[in-house]
Amino acid sequence: MAEAIRDSGGSAVAPVPIVHPGTPVAVPDTNSIATESSQKRRMAVAFFVLMANLVQMISNGATVSGGFKLGEELGITDVRLSNWIAASYQLTQGTFVLVSGRLGAVYGHKNMLLLGGIWFAFWSLINSFCANFFAFNIVRGLTGIGGALILPNAVAMIGITFPPGKMRNFCLGIFGAAAPIGGYLGALLAGVFTEFTPWRWLFIFLTLLAVVTFAILWWILPHDAPLDRLGKVDWVGAALGCSALILFNFVWNQAPSASWSNPYQIGILVASVVLFAAFAIWEMYAPTPIMPLDIWKAPSFLPLIFAVLMAFMSFGITLWYMTAWLQLNRHWSVLHFAAGYTPFLFFGVFAAWFSSWLIPRIPAQYILAIGLVAATASAVLIATMPIEQSYWPQVFPAVVLMSFCPDLVFTAAQIIASNAVKRYQQGAAASLVGTLLLYGSSIGLGFAGTIEMQIDPIRHSSVTGYRAAIWFGCGIAVLALLLDLAFVRMKKDEREGWQDADFIDGSGIAIIATGAELHPMSH
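Quick note on numbering: the sequence shown equals residues 897 to 1419 in my numbering.
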């Protein structure tokens, strides 16, 4: 069914699917992937694709760690509003990633990756000119759309460049490590720039870093033919789904400062629920849905999605309230916080290797479980520490454990989701997991902030409110662990190289398992 293209040494590089005449085929540009791309070139492509994801993760990490300081620089007096500095980027990235994988399938993953880089760089530069808190957060939200275009299309480029096997698993492990590594580097850069320069230079630096990275990618990326060139994008479904996600997230993140007593809060919440219902109804009848409803019937998929969502909610809550505790109560500077955050970098790199090492050795649900145990333990350590204490007894081990959560959870979730759904649903599954990564971190702050407000309605620097919020994060991590162990199932991933089934779905349509989906076309 498929012949292998071989390089000059006779090694198989990638198979070419053979289908019946007249069948619509989505085949990677074999000239660019096989003939033109030597091993050295493929490694260069992988490095800069991974760097592209790292750049936007650095941007996210900078506003999480530097959120309180940036809020102070922008003149806000109610520190409860600082959660928006961290949440605005995550909100839009987590929302629009839902459709960006499909855009890559139709218009080309390379094109969407580069467009995301241009968009990210432009709005990062605009951020450096924002003097108003509300304008700053609106622009951060617009920047997140660029991050949404980058994330799934970078994953797709890795899938196109490397067939299933050790090298692809390694790259996906490193890709997941962009969260802890970017988080640390973001904290460090936020500390350096807010301590020694005007804060605007942080975003000017991010702009320059993005320009250099994506300029190199434009030069070295091989041409890729869109996997579904004649396909269509479900624009109505995208509008309904994204609107629902944005409003639902907004109302929860606004609650800590606006409170639920305001009628507009209830109105926005109701509107988001109505939009979710309209989205579900539309997807039942849409010819090319961005989220086919039968995907939820796939084995293990529904409990996996809830477990991963709660995992990233817990991670985001623990990180945010640890930051608040250290910076507002122990009066650490952002740079001091970055120094205390250093283990996150080294153990995050180790976690990346560890996750790729575990993939062929144990079922992915247990990799996910390890990440959830790490999230739970780190939350317990932060929730139980006294107001004043040295760094080593609890903050240090909490930071170490925290570094294992995002990489292990993200890597395991991508593998489980990919294996749980049908092959033409790969794009929907990959996009949904990408949505959970940052949307979960963002909306978790809203839920936790609401709990904190009820416990501590007067001020935001009371550890009583912090503890309540962190215990909530701990509780949902435990619930996620129980869901994973009870309902998520998958065998060890021991594949090495392309299989015929990676290319052909049940209708005889040739596909590539890269996070892009195809839909059957009429003859």
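Calculated from the structure, these hints are not laboratory results. Backbone N, C-alpha and C define an ideal beta-carbon position, used for all residues, glycine too. A few of these clues could be false.
To be verified - Ranges between beta-carbon positions, derived for each pair:
#: 1; residue 1: Lys1318; residue 2: Thr1093; range: 18 to 28 Å
#: 2; residue 1: Trp1288; residue 2: Ile1112; range: 20 to 30 Å
#: 3; residue 1: Thr1360; residue 2: Trp1156; range: 32 to 42 Å
#: 4; residue 1: Asp974; residue 2: Ile1177; range: 16 to 26 Å
#: 5; residue 1: Ile1112; residue 2: Val1088; range: 36 to 46 Å
#: 6; residue 1: Ser1286; residue 2: Thr1093; range: 29 to 39 Å
#: 7; residue 1: Val1088; residue 2: Phe1292; range: 19 to 29 Å
#: 8; residue 1: Pro1195; residue 2: Trp1097; range: 42 to 52 Å
#: 9; residue 1: Arg1226; residue 2: Ile1112; range: 17 to 27 Å
Checked hints:
1. Lys1318 to Thr1093: 18 to 28 Å: violated, 51 Å
2. Trp1288 to Ile1112: 20 to 30 Å: Violated - the Cβ-Cβ distance for Trp1288 and Ile1112, about 41 Å, lies outside 20 to 30 Å.
3. Thr1360 to Trp1156: 32 to 42 Å: The hint (32 to 42 Å, Cβ to Cβ) is violated, given that Thr1360 and Trp1156 are roughly 20 Å apart.
4. Asp974 to Ile1177: 16 to 26 Å: violated, 39 Å
5. Ile1112 to Val1088: 36 to 46 Å: violated, 24 Å
6. Ser1286 to Thr1093: 29 to 39 Å: Hint holds: Cβ distance 30 Å, inside 29 to 39 Å.
7. Val1088 to Phe1292: 19 to 29 Å: holds, 22 Å
8. Pro1195 to Trp1097: 42 to 52 Å: holds, 50 Å
9. Arg1226 to Ile1112: 17 to 27 Å: Hint violated: Cβ distance 41 Å, outside 17 to 27 Å.
Consistency note: the structure conflicts with the earlier hints numbered 1, 2, 3, 4, 5 and 9.
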